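Asker: Protein sequences, first through last, are from chains A and B.
Position 122, counted from 1, in the first sequence is what our numbering calls 122; the numbers after and before it change by one each time, with no gaps.
Position 1, counted from 1, in the second sequence is what our numbering calls 1; the numbers after and before it change by one each time, with no gaps.
Think of the hints as simulated: they come from the structure by calculation, not from any bench.
On a predicted model such as this, the values are computed, not experimentally measured, just so you know.
Treat the hints loosely; a few may be bogus.
The list cannot tell twin chains apart, which means a pair is met if one copy fits it or any two copies do.
Stated by the list, open to error - Heads up, simulated SDA-like pairs for lysine to any residue below, C-alpha to C-alpha not over 25 Å straight-line:
id	residue 1	residue 2
1	122	17
2	77	95
3	7	87
4	7	60
5	62	84
6	122	16
7	77	33
8	7	89
9	7	121
10	122	6
11	122	46
12	7	56
13	7	30
Protein chains: 2
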Amino acid sequence: MAHSLDKKHRLRSLSHMAHLDRVFHSLSDGTRRAVIAHLANGPASVGDLAQRHHMALTSFMKHIRVLEVSELVTSRKTGRVRMCQLRPDALAAAQSWIEQERRVWEARLDRLDAFVETLAAKEDANGRE
Amino acid sequence: MAHSLDKKHRLRSLSHMAHLDRVFHSLSDGTRRAVIAHLANGPASVGDLAQRHHMALTSFMKHIRVLEVSELVTSRKTGRVRMCQLRPDALAAAQSWIEQERRVWEARLDRLDAFVETLAAKEDANGRE
């Protein structure tokens, strides 16, 4: 039982890692970031987005696919138009990862500060002896 | 003058875009994210890091190069050992970009909420007439 929970946890964390891989890969392209910035203001059609980014529809669709695979964007065809929208909390996983690492880093800097202050206080005390 | 300032601004923003491309590309790999998480706790040698990630030194060095090119990590050889450390504010640009987009998105949701409330209030008022 514990073993199976362990395995479950490991699988979940592997799938979270793969999700982060895909999200950061999605964000590593200026056009895809611009599409996200656009969709943050509301849904848009693939045609409108492609035109705004001066791209042919076929090359632009590749970017949309990458955004969909990384679960940042969803698209749905209604009639002849494919509408895209940002997924709620699309950027939450990426943001949490970065915030977590910055917290660790800042905690380390605080410890270094405290250490340097202790050293300085000791030297001060030694000087006065 | 204004034209040259404009050009300067455009160049700076292009270089910021290229920087974000590289940072997010760096973060799109689980091993590189693990190295960042490790270095958030303090500097480490390339040898130690490679061993911890069960990688041959030569393949591992490729990851270190990517981290260096994206300006997340610096490394310096002292004697026979190459030491790596996280750059201060390494993740600041990525974090600001994500936070900015989430702010835009949340402002949009707030506007939608306000709009729905206005509609509901109007219907309420019409119903009472």
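Asker: Hint by hint, note whether the structure agrees.
Answerer: Against the structure, the hints:
no. : hint      : result
1   : 122 to 17 : neither (45 Å within a copy, 47 Å between copies)
2   : 77 to 95  : neither (30 Å within a copy, 33 Å between copies)
3   : 7 to 87   : neither (29 Å within a copy, 35 Å between copies)
4   : 7 to 60   : neither (39 Å within a copy, 27 Å between copies)
5   : 62 to 84  : within (14 Å within a copy, 36 Å between copies)
6   : 122 to 16 : neither (46 Å within a copy, 45 Å between copies)
7   : 77 to 33  : within (22 Å within a copy, 36 Å between copies)
8   : 7 to 89   : neither (27 Å within a copy, 36 Å between copies)
9   : 7 to 121  : neither (50 Å within a copy, 52 Å between copies)
10  : 122 to 6  : neither (47 Å within a copy, 54 Å between copies)
11  : 122 to 46 : neither (66 Å within a copy, 34 Å between copies)
12  : 7 to 56   : neither (45 Å within a copy, 27 Å between copies)
13  : 7 to 30   : between (38 Å within a copy, 19 Å between copies)
Hints 1, 2, 3, 4, 6, 8, 9, 10, 11, 12, counting from the list given before, are not met by this structure.
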